[in-house]
Structures are given as C-alpha cells and as structure tokens.
Amino acid sequence: LGLALYAGSLRVASGAAFLYHDYCVIGAGPSGLQAAYFLQQASRDYVVFERSHAPGSFFALYPRHRKLISINKRYTGKSNGEFNLRHDWNSLLSHDRQLLFQRYSRDFFPNADAMVRYLEDFASLLKLRVQYNTAIVHVTLERDGQAWNGHYFLLTDQDRQNYKCSSLLVATGMWVPNVVNFPGSEYVEGYETVSINPEDFAGQTVLILGRGNSAFETAENILGVTNFIHMVSRSRVRLSWATHYVGDLRAINNGLLDTYQLKSLDGLLEGDLEDLAIVKDKKGKLHITLRFYLDNRNTSAGIDSITLPQDELDNFATRAPYDRVIRCLGWKFDFSIYNRSLRMMPGKGNKKKYPQIKPSYESRGTRGLFVLGTASHSVDFRKSAGGFIHGFRYTTRAVHRLLENRHHGVPWPSTVYPITQLTNSIIKRVNEASGLYQMFSVLADIILLRENATAFEYLEEYPVGVLAELEMQTGRKAPNGLFVIIMEYGRNFSGADKDVFYYNRAVGEAQHAWQSNFLHPVIYYYKRLPTEHEMRLRPPDWPLPRPDAVHHIVEDFLTDWTAPNAHILPLRRFLENCLSTDLRNFFAESCFLFAFTRQKLPPFCQQGYVRMQGLVGSEGLRRHAVEAGLLEDYTLADFLGDRPPDSREGSQDQLLRDHAIPVRPLQHLVNAKDE
Amino acid sequence: MPAQKARWVFSFSLLLFCASSIPTQGSARLLQELSPQEYFSSLQAGRASLAYFSHNVSPGAQPFLEQIEHSAEALQDYGVSVVKVNCPKEDVSRYCGKENALRKAYLFRGNMLIREFPTDALFDVNSIVANVLFALLFNEVKYVETLADLQNIENTLKGRSNMVFAYVPATGTAEHRAVMEAAFVYGTVHQFVLTTEAMLLKDTGNGESDASSARLLFCHCQRATDLAQPCRRTAMGQTLTMLNIHRHLKLMGAPLVTEVAEDPEKVSTVHLQLGLPLVFILSQKETYEADRRTAEFVAWQLLGKAGVALLSRDLVDLNILLRSNVALKTPDEGVPIKYLVLEDTDEVIKLVEDKNKVKRIQEDEEENEEDEDEKENNSQDIQDDQVVEAVSRDKKRELPLEQILVLTEETFHSALSETARTVVLFYASWEAVSLAMLRSYTKVADHLKGMQGVLLSRVNCWDWPSVCTAENVTQFPTIKIYKKGERAVMYDGMWGTEELTSFIMLSRVSCPLKLATVDEAERYLRGEFPSELSSYHHTSLLGVFSTATNEARKAFEEAGNILTGHVTTGMYFEDDALALSRKYAVSPPALLLSRSGGQSVEGIALSKQSAQEMVQMIRYELLDVFPEITVQNLPRYLQLRKPFLILFGDGDISQMESKEMLKLAKGGPQQEFVACWLNLKKTPVGRGVLKAYFATVPSLPVLVWVNLHAGGQVFKFPSEQSITETNVLSWLGKLKAGLEIPSSTLSEEDWKPPLPAYDFLQMMETAVPELALHTSHHRRDTSERRPSESPGGDTGVREEPSQETKAEKVGSPGRDLRGTAPRLAAREKQGKRHSEL
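Line order of the protein sequences matches chains C and R. Okay, so the first sequence: first residue is 1 according to the working numbering, each after it adds one. Okay, so the second sequence: first residue is 1001 according to the working numbering, each after it adds one.
The set of hints was computed from the structure by calculation and includes no laboratory data. From the three backbone atoms N, C-alpha and C, an ideal C-beta is built for every residue, glycine too. Misleading hints may appear alongside valid ones.
[Said to hold, decoys possible] Simulated restraints, written as ranges between beta carbons of each label pair:
1) R:E1532 <-> C:R611: 23 to 31 Å
2) C:R505 <-> R:L1399: 54 to 62 Å
3) C:R117 <-> R:Y1536: 40 to 48 Å
4) C:G409 <-> R:Q1612: 47 to 55 Å
5) C:K263 <-> R:D1381: 51 to 59 Å
6) R:E1621 <-> C:T76: 51 to 59 Å
7) C:P540 <-> R:S1212: 27 to 35 Å
8) R:P1169 <-> C:R505: 57 to 65 Å
9) C:R611 <-> R:D1381: 30 to 38 Å
10) C:R611 <-> R:N1472: 41 to 49 Å
11) C:G150 <-> R:D1381: 55 to 63 Å
[To be verified] Quick look at which bits of chain R chain C covers, simulated, 3 or more residues with Cβ under 8 Å:
12) 1259-1271
13) 1753-1764
[As the list claims (entries may be wrong)] Anything over 12 Å on all C-beta distances counts as not near chain R; from chain C, calculated:
14) S52
15) R103
16) V179
17) G203
18) E220
19) L223
20) N254
21) G330
22) N339
23) S360
24) P411
25) Y489
26) D560
27) L621
Bound conformation, chain C alone (with noise of 0.2 Å):
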C-alpha cells in the first residue's frame, strides 16, 4: 500500500517537470524522520529527501569521539511508558514498541553508530517514504494563488530534477562549522578532521578552541596524553547541571575543569577569538600573539620581528608555545540553499547560527515553511531541550497537528471530560506527560472550559508561544476560560554563576510551593485567552503574560505529584476557586442527603450520583470518614437518644418550632474548618 499511495504521489504537476508533493521534507535525520513518521500516520502525501545515502548521516561522523550525550536510561522502576520517555532521550516517537532506543543499545551514554542503527531502522520498519541521494541545493517560491499558502516550494537537487511542494519542513540540522578567521587561522585544526586517536597527540601542548560540548569531548580524549591542554573562548563555561540546559557542558565531559581548578597543567581562558592571532615559529610551533600586534607590522616580516604579549608582559597567561591548535565552536544552520525570496534570516545574537522562526516553528519569512529539529532550537535556545531529540521530537509533533488543522480541518486533538476529571485530569499529565517535562515553559496542555464549568476539553502539548492564535491554530474554542499548564524551574535558580547545591534550595511546603526551584508544574488561569498584545507585553523571564490566577504544585525529590494532601489538595482549591464551585468527591450517602436537602447539588453528585453512579464505598471508608469527621454517622443517632423522653410533650413543642426553623447548611461537609 506504502508503494501504491508513494506511486499516485508521483503524479507530475501540469506540464513542468516538477514531481509534485503536499509535503517535502529536507533532511532524514531524527526529526525528518518524526515528521515523515505523523505525516505517514495522517496518510498524507509527502517525501523526505536525503542527501545521504542513509538516514542520520550528521550521527555517522558525529560526536567524532562517538560517544552520545544524551541518556539511554533503560530503568526507572516504573513501567509507564510515557513517563520512561521522560528519561529516554534518543528515542523517536513512533508506535512501535521495537523502537526504543533501549533496545538498539545498553549503554547510558550510547555510541552514535546506535543511532545511526536505530534512525535507519526507523526510517525501514516504518516504511517511511525518503528520497536518498538527493541533495537539495536549491529552494525557491513559485507564487500561486491556489496553494495551500499562496506559494509553491520548488525545490532542485544536485541532478537538476525539481520537486514541488506545498509546505516545506526543513529538517536540515546544524552542519556547516563555525569557523573563526584570524591571522593564522590557517593553522587552526577544524573538529570535523582532528584526529581521534589519542596517541596522536602524546606529549603535544594543544590549545583548544571553544567551550562546548564538543571542545570537552575533544579535550577528555587527550586528557591523559597531551603535556597539558588550554581551552579558550569568548565566555565563561557553563555547566548544564547549573543552567539546567543540556546544550550547556555536561558533567560527563568535563574532566578538563577538574584538571584545570586541581592546577594539573591544563587551564581555561576567556578571551575574544576575534583578537586572536597565532603565529608559527620556525620549529612548527604555534605562539599566540594580538591581532593587534600585526596590524601594526608589516605582515610580510618574519616570526622573529612579531611581538609577542610576553614581550611585554612577561608573565602572559598563554606564553607558552602549543603543538597544535584545535577549533570546536559548533555548526551553524546552511542558509544557502533558500533563494532570496524566502528570506531565511539568521536570527540575532546568540542565535544568529539558527534560522528566524516564529513560536509556532514556521519561518518568520515566509509561510507553509516550517523549520524542525536542531535548527528549530531558536525558540528555546539556552532554555529547554527544542535542539535536541528528546525536546523536537514533541515539538515536531506539534506542529504536525498544526498543519492537519491549517490544511485538512483536523482540529488539535482533544478529550472532553467531565468538570469533575479536572484535577485527576491535571495530575495524570504532570506526572507521566513526557513532552511537557522536556519542553518545559515551551509546550503547553491547555484546557478549554465549557459553559457552565461542567466539562473541559484537554489539548496537549500545545506551542506556548502562541497561545494568542489558540482558536486559529487548533480549530478549538476558547469562549469561557482556560488553564494552561506548563512546568518551570525557579525563576533566578539556574544560570551559569549560581549556585545551585546552597542549603534549603527544596520547597516542601505546599504553601511555598510559588517558590520552588527545581522543575514543577504551573498552572496559569485565563478568564479569557490572552491576546497578542498582551503575548508580547508579558514580564521578563515569564513564558506566558500575568493570569487571572496561577497555582504552583510544589517541587517534588521524586518528580512524584500525587501526595493528596500536598500535592492534590492545594490544586484542588485552586481549581475550585477558580471555577468557583466544589470539585470534592462525596460518598453515596452525602450525595442522597444533599439531593434531600439541597437545591443544588455538588457536580460530583450532579455528574455520578445522579446518573446512577454514586460511589457507594465500602463500610470501612465510611467509618474512616466518620472518624475524620467528614461524614456524619446517622446510625449512632439512635443510641443517643436523639428524641426527648417524653416525644409526645416534645412533638408538640415541635410542631411549634419546625414552622420558624430554616434548614441550616451541614457544616460539617460544608466547612471542614468548623470541625
């Protein structure tokens, strides 16, 4: 069928020669893959074009020293699925149980070949429809007033043979290296070459450029060999377990910063590459000398008429010459392939390597084109995991049901629950949602209040950032107030010069719980959706702009958010004070007296009791109740003696009094406070 549907797919578009498609997706790496894998699901009509001959080529050269970053972390003690991707960061979501990154390799920190092994035999079993070989190396717009959005992608590859499509997914990754230029940056050694055999670097003095991942890879491979290492660049190191960013240098690398702060010859240094120059002495040796120091000579004289800092100051830091010079400053995304009129634009600041991007993934230049994966991590960069697997396989996800809503009217999924499922609703999510933990403050689940409060529909896993466009996005309605539901670290906790191991840096009190510092769930209530104005309007630091109300489940040691009295009890009140109304559970028994004695009744009683669905309760629970004073025990009545002694002379004394005396609310349910 696979074959038929890739077949009838092929039709050529009227009369060019262009192979025409509803999707292209540029890259078979693990996103290309995850968005070739719901668009299969959906049975859409799409291709993934490859260059490579297999998919996951950037994983078949990279991390050069082969070993993955991200944890492979095969037991939890639980077995629920979706909570164990919380902490499986290699795996593609998919269907398919066979295809758990567990299962491809044992290690905590995989090799990459693994990967390369699970991405093509993710790309195989599924069946997913990728073009190898085929190196786009132009895109360009054909404007048409049919299209899906106004344009078509036209798209040529290294044979000359065009495609056309209506939405584009770049899927491309981050490939091309930064490189630096300076005076004698030609002496610079790149990572994608540098050797990996250690013994290549035996009693080598190596100065290493870059603070990343990569650089520390580089540097814990050479460790033991070299005379000693320095590592430069333009900022101070930041460690991931202090910014709790895992783009950030991970402690599994960073036996260079023990060797440094233990004075073991190997050092760190900040400085601006820009002002670099290296200059190469007559025995190959490498000196690091100013920028400035050239601009002031004439270039063409030799070694010996070149001023070194330690000319002058004879004490400078890197004085020392180095046997070579290794530059690991991390890739870039390949800009050069979009003709002009799809204005990819390099973002600002740190986050010029990446594309410019809206919230919503879709290019800031042009519309129907959407950038996935690695290149996509301008939205969260510095923040959440949007640049790696286990953060844009969810997001991949997300805007899949973004372009089924825009395209093919399927409005984002969505349960419709009861009002009183609200706060099991909320727990089950916080406590398993995977997508929600990796892409904290950057996907969302999103309740939509129906009228009356007495039923919600649940979306998951919705971009935060444009909340605004709710009703647009997903084809849902948003009329009567929303909660949106994200997780948060402490805001002013992480950051590279914190400290993050001071004393009392837990909150156990649920009352506290607005200050947690680690990773907790956040519920933010919204009368009404907030509008783009106030999108853009909201405070510093804040994912999303001031609720009408917000309520924060308290951090938990075990990530465990199902204590009934610490956890659930305080979202409880949160949620009623919200809707404004009673969401307890009630027995049976409290439900028959209040259809007794109430007008009204408590939608746990409305929405089970009524419709035959009491909760009856064994004996034991009610006499667990009684001892808690939360439900009365009629049954004593009867030994108490409850009537007056004499009940004829009493009932007349009633009679008189039954008229003048109103019913009086049950305190004793209404108000647990009067116990």
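With chain C fixed as given, assemble chain R onto it according to the hints.
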C-alpha cells in the same frame, strides 16, 4: 553659641517627649511658687521665664493656672521656667498692683519683659507652648501676611539657605505648637516662615488643599540659583506634628542622592532609619553621568517618600542579574534587597508609592487579621474531601487482592482471550475514587469466588497508560466487561459491591436471550431459566413477538443489549408466540414483566418505538409504584423530576399505612408525585434528612412532602392525623392551594469552593513588584506609549536596549574584552588575572 548647642540636645529629648506626649499629671510640680522679690532676684540673664502674678487664688484664674502648670514641664524642655508669683497683699508694684495685670502672664528673658499674654490666649498647653516659643523665636520665625513678604524672604535666601514655610489656620493650635517646637530646633539651620493667611497657601501652588488644615512646605532655596524662579518645594504629606516635621526636615536635610560603593545590604541611610525605603540606581562607569541624572530626577520625585542611592556596579561585586537596573531596600528587618529590571522612572516612583500604600494598609490591618489569617491558612491544608481522606486513612491496610488478576500492557489482550468474560477495573493508584472502588471490587471478588467463566482483573492506568488510552478510559474508575468475540460493555451503575456483583451476574446471560420453546419462556418468567440465574433473585423481561413484528424485535434486541447487566431480557418469536400472548392477555409485539419469581406478570404493549425509547420505557416500567427509597435507588426516582411524598419510618412501616400509601401511589393515571417510604434502620442517613428539615428527628413515622425540583419546600403531614388516603389527599389539596405553611425550604445555595486557595499571584506580586507593575502597565491603558519611546520624554530615562548592553559589559568580564585591541592590550598590562587573555 551655647543656646544653639542646647537646642540640639533638646531635639532628641524632645522627640522622646513628643513620642510619649501624654501630659504627666502626677509628676513633680515644676511650677515654682515664689514671692516677687525671690522671683526678680532669681532671673538670670538669657534665661526665659513665664510668670503669673496673683494675690491669692482667684476663682476665675483657676483653670488657667491648671493649664500653665501642665505646660511647665513642656516649657522646661525649652529652658523656660514657669513661675507663679504670690503677691503680698500690700504690694502695689507694677505687676502685683494693677488689677488687670493679674489677668496676664508675663514672659521675661533675663529681667527683660518680652511679652505679656492675656490669660485667654493661653487656653491650653498647646497654646501656651506655641505662644511662648513664638515670642521667644521672634527672629528665627518670620511671620508673613502677604505674598510679597514671602517672596522677599525667599529671594534673600536663594543660594544661601533653605526655607520652611508653614501655614496654620490659627495660632495657638497644636500644629502651631509643632511648628514652633521644630523652629526651636531647626531655626538656625533653616529659615522658618509662618502664616495664617490661607491666601498665601493658594499662591504657593497648594490651592487644592483646604485652608482648614495646616500645611508645611520645605523650600529648597539653597540650591536655587535662578532668582526669577521660585524655589523648589516639597510639601509634607503627613499631619503637622513635631515628630512628622522633624522627620520631614531630616529627610530634606539628607543628601539628594547618596553615592554607594559597598554591598547594598550593608548600606544604611537616614531614610531607612526613618522607616522609608531606599532605591538604588545601579550604575557603572560607562553610563555614570546619565545614571546620576536619572537618580537625581527620581530623588526629586521621591523626596520625602524614599531615599535614592547611586550604586556603582564596577566597585561592588553583585551576584545579581545583569539586566537589573534598580534595587529596592525596605526598612523591614530581614527582607532581602530586591533587584528589578524597570523601564522608566515612573515605574520606580510607582513602585515606591505602591509599597508605601501596601505598608500602610498592612499596618492598619495587621493586628486585626493576624490571628484570622493564621487560622485560615492552617485549615487550607486540612483535607476536606471525605473520599480522599477515607482512602488515605485506609492506605496502610493491605487489600485482599489475590482474587483479582493484575493486567499489564503485555498480558491485557491475552487475558481477554482466555476467559469467556473478563471484568476489568481501570483505576489509577493515586486516585481516591478509583481506590475506593478497588475496595468494593475486592468484595465483589469474594462474592463471585468460584464462579466459572468470569475473571476479575484490574489495570493500573498509572502503570499502563497506553492500555487505558487504547480502551478509551477517560475517567477513573472505569469498569468494562469483555466478552470473547463481542464488544465490551461499560459498567454504568452505582460504584458499589452489590450493584456491581448483580451487574456481573446478569451480564453472564446474553441479552436478550432467545427462548426456543413456550416451556422455556414460562420457566424464564419464573426465574428458573437460565440456570445460571436460578439462584439469583431478579426481575425478568420477556419480549413476545410474532414473525411479522420484525422491526419491534430489532429495537428490542438493541434495547436488551443496552440494558445488559441491569435486567435480564429474553424474547420469544416462535410460531406459537400467540399462545403465550393469549395466556398473559397481550397481543404481540408485547413485553411481559415478571417481578419476584413470576408471582405477578405484567403485560405491556409495544408500539413502534426506537431502541432508545424502549430503553426509557423499560426503565420506567421497572420502577416500583411505592418503593422503599434507599441511597442506591434514589437516583432512578429523581429522574422522574417529580415531588416526593415520603413516609419516614423507624423500621418497616405498618401494613395499614403501606396499604393506604399504595392506594395513594396508584391514584391517578398520570401520577404527579413519587410516593415512597424510607426505612431509617436501613437508610440511617434519612435521619440527617429529617434533622435538616425539622432540626431534630420528629416522632416517627412521619409523612413529608418535598418539592425537590421546584421551590424546595418541605411540608409535614400533621402528626395528629392518621395516614389514610383521604386524609393525605385533602392535605395535598391544601398544600396545592397554598394553605399550608412549609416546615422549611431547601437551601438554594450554590456549591462554592469550601476554602480559598493559596494566592500565589499575590505572593509573587509582593515579592516581585515588577509583576504587578507590569500588569498595571498594560491593564491601565494598552495603547499608551511608554515614556521611553516618546520623543519629548527627556526625563533621564534609560531605554531597555542600552541597559542590556551595559549589563552585559559589567556582568561578564569575558565579554568585556570584546572591542578594540588596544583596550585589550591595555587591560592586559594592568590586569593580572590569568583567566583572561
């Protein structure tokens, strides 16, 4: 000048005195009593004294004397002694001799008379102190009556010293005294100007304040250089008391902007000491001049409300956000400094003003609400959900779950295919209601122990969410019964042991059951067939169809399917169906309803009905005419949405009453109420109902009419009448005619949240004032342009971008190296930090 020195000493003792300004009645008499000779010989040069001459205690002067006695202590603080001079009878000297001199008090400095006061100008302590000081400070406090006078004084002061301008509606008042007392202390530092002319107040630009209240303005003339411009003024916001004036003058005297080069936590200024916040403007070398201007601008705005300090980030190593540009230190002990990122000076000012407002309110309410708050906060943490609490109290008990098979993602489908019927409870191990159900479920397992062909099992959706999602479980708990090869049946009855057991029992038989012979049909109606159910008391429903009634039969089949588990349905459609229908006097298509083992069989004609309508009809037919209401069956009768006529009895009701009630219930064809009875022994909660209606349980049995669905009125049948059909009917007639008074009315109250939630938003706003600012910013007027964007708004406001670049430069030394190479080289020479290139 010894006098001045003395005044400074006073200023502090004065404060103390004023703070506790209770006239000390019982203190030692400070009023000296002297003879004229003694008095005049005791006068020292430069020392002031207030004297009152009297021959003897004349009755009219008595109250005045009392006041002067009280003022003696106050005046002593200003070095003024108060003396009562007792004139000898024969004395006819200047002060003792004349009668009208005795109606006056005299103020001397040394032996020089400064002023004489008529006693009626000295009516109380305030007026005495005010007038005496006013006289003594004649040079220090200028009294003005016209604007020109005021301007003249102002002009002469410009560039030299500051002016304190006070308006009091009248002299001799408490405010006047406060001003004079302040002038006594500060008179040599600032020029005091006093007026009682309200006009002057208007002319100085304080027209809006009413003339009945005193005002004090501090005029910053010392800084004024332009003679054409009036001096800047800072009005005192508080009422004129010595303490407030003192505070105000202290604040005015403090430097406008304090430069700080130490840890702000350690900084203390006069503002903090006086209980006002201190605003730090964070600065650095590059933007110092602009920051200084900003700080001064802010300081002028906040003068008297908060202090402003300029903190140089280059000199202090702050562990704070790079972007922070303002810090706020409150005088409260133990409150850490807040570092903020603000966009314009308005925000700074608003921040301080809000802070002060909040503080004032807090102070007002603190005492009253402290206890209450505490109580409320505590009870919020207490579980008030009976089900959750009951389950958590029961959590340590181990449940007897051996009978119930645990299913997992792997075993779920294989288990279903192995047994004829599998009951599955979907629950979540953290969810109270489903755990409560799990407890009942163990009892069901007990009841059904050993039953063939039924497997009880459970799936924990917390462990296996994919199974639950695949089985479309959207609520906890959910119970489904899976039959091999058939669609699963969802349990939709009461979550109780009996109901679920019955459901499982009844759903063992396919529904409707096709009966093959008339004999089988008869046995079916008697409850003997099918044999699985023979021992189980149940109601049977038999559909009788002729071969021609195909449509009705299909609908019945569907209806039977829907009712699976609730009632057994059978159908007979063989050729001899007519025999069966004749026996029970129905014509096919028809239903035969057999309650309690075939003793009575009702015939019900079927018309053209859809399956849904048929289900409705069957449900209605299954209801009893005069049921005993229980917790479990009430919902079925509630659905009729009719008033209830309930006979509450303690145990079974008598035959007689039951007969009469049955007659009532069967009354009309279109019954308009539900007649029922309630056994308090079986349904003790009925007692709670009665208590709610009548406050105590009345004598039983009691007949009650409750209109649950309209108005909620409760009527009690008169206990002296016997319950007979006629009595009750006539009572009901009176009820409808509105002749009876309801015993009570059911509360119409909505179900509101039982307790408030933690207001984290408010807590955050208190702790992070930026948040509150932020919202008030856009809530106020969303179209409003921010001042920093407006071209004319030259208020020394820094714009956000410049702020950022500044912050980056300061915060990370590594980045600081970016820029020109010479700078780098220069730095290299001085900086010995090896961590920088």
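So, going through the hints one by one against the coordinates:
Separation of E1532 of chain R from R611 of chain C is about 29 Å and conforms to the stated range, judged on CB atoms against 23 to 31 Å. Taking the beta carbon of each, R505 of chain C and L1399 of chain R are about 38 Å apart, not inside 54 to 62 Å as hinted. A C-beta distance of roughly 60 Å is found between R117 of chain C and Y1536 of chain R, which places it outside the suggested range of 40 to 48 Å. A beta carbon spacing of about 31 Å between G409 of chain C and Q1612 of chain R contradicts the range 47 to 55 Å that was offered as a hint.
Distance hint check: the CB atoms of K263 of chain C and D1381 of chain R are about 52 Å apart, consistent with the given range 51 to 59 Å. Judged by the Cβ atoms, the range 51 to 59 Å given for E1621 of chain R and T76 of chain C holds: they are separated by roughly 55 Å. Between P540 of chain C and S1212 of chain R the beta carbons are some 48 Å apart, a value that contradicts the proposed interval 27 to 35 Å. Between P1169 of chain R and R505 of chain C, the C-beta spacing of about 60 Å keeps the proposed range 57 to 65 Å intact.
About 32 Å separates the C-beta atoms of R611 of chain C and D1381 of chain R, a value consistent with the hinted range of 30 to 38 Å. A hinted range of 41 to 49 Å is violated for the C-beta pair R611 of chain C and N1472 of chain R, which are about 18 Å apart. Taking 55 to 63 Å as the suggested C-beta distance range, the pair G150 of chain C and D1381 of chain R conforms, at roughly 57 Å. For the region 1259-1271 of chain R, the stated coverage by chain C is violated: 0 residues have a C-beta nearer than 8 Å to a C-beta of that chain, whereas at least 3 were required.
Counting residues of the region 1753-1764 of chain R whose C-beta sits closer than 8 Å to any C-beta of chain C gives 11, which meets the bar of three, so the coverage hint holds. For S52 of chain C, the non-interface assignment is confirmed: its Cβ lies about 34 Å from the closest Cβ of chain R, beyond the 12 Å cut-off. Even its closest Cβ contact with chain R, about 15 Å, leaves R103 of chain C beyond 12 Å, as expected for a residue assigned away from the interface. Listed as outside the interface, V179 of chain C is consistent with that label: its C-beta sits roughly 18 Å from the nearest C-beta of chain R, beyond the 12 Å cut-off.
Interface exclusion of G203 of chain C from chain R stands, the closest Cβ pair being 24 Å apart, more than 12 Å. With 12 Å as the threshold on Cβ separation, the claim that E220 of chain C sits away from chain R holds: the shortest Cβ distance comes to roughly 21 Å. Consistency note on L223 of chain C: stated as away from chain R, and its beta-carbon is indeed over 12 Å from all of that chain's, at 20 Å minimum. For N254 of chain C, the shortest C-beta to C-beta distance to chain R comes to about 17 Å, beyond the 12 Å cut-off, and the non-interface label holds.
Non-interface status of G330 of chain C relative to chain R is upheld: no Cβ of that chain comes within 12 Å, the nearest being about 17 Å off. Here N339 of chain C stays apart from chain R, with its beta-carbon at least about 32 Å from theirs, past the 12 Å limit. A cut-off of 12 Å between C-beta atoms confirms that S360 of chain C is not in contact with chain R; the least separation is 23 Å. The claim that P411 of chain C is not at the interface with chain R holds, since no C-beta of that chain comes within 12 Å of its own (minimum 18 Å).
At the 12 Å boundary, the C-beta of Y489 of chain C stays outside the reach of chain R, the nearest C-beta of that chain being 15 Å off. Not every Cβ of chain R is farther than 12 Å from the Cβ of D560 of chain C; the closest lies at roughly 8 Å, contradicting the non-interface assignment. With a least CB separation of 4 Å from chain R, L621 of chain C falls inside the 12 Å interface cut-off, contrary to its annotation.
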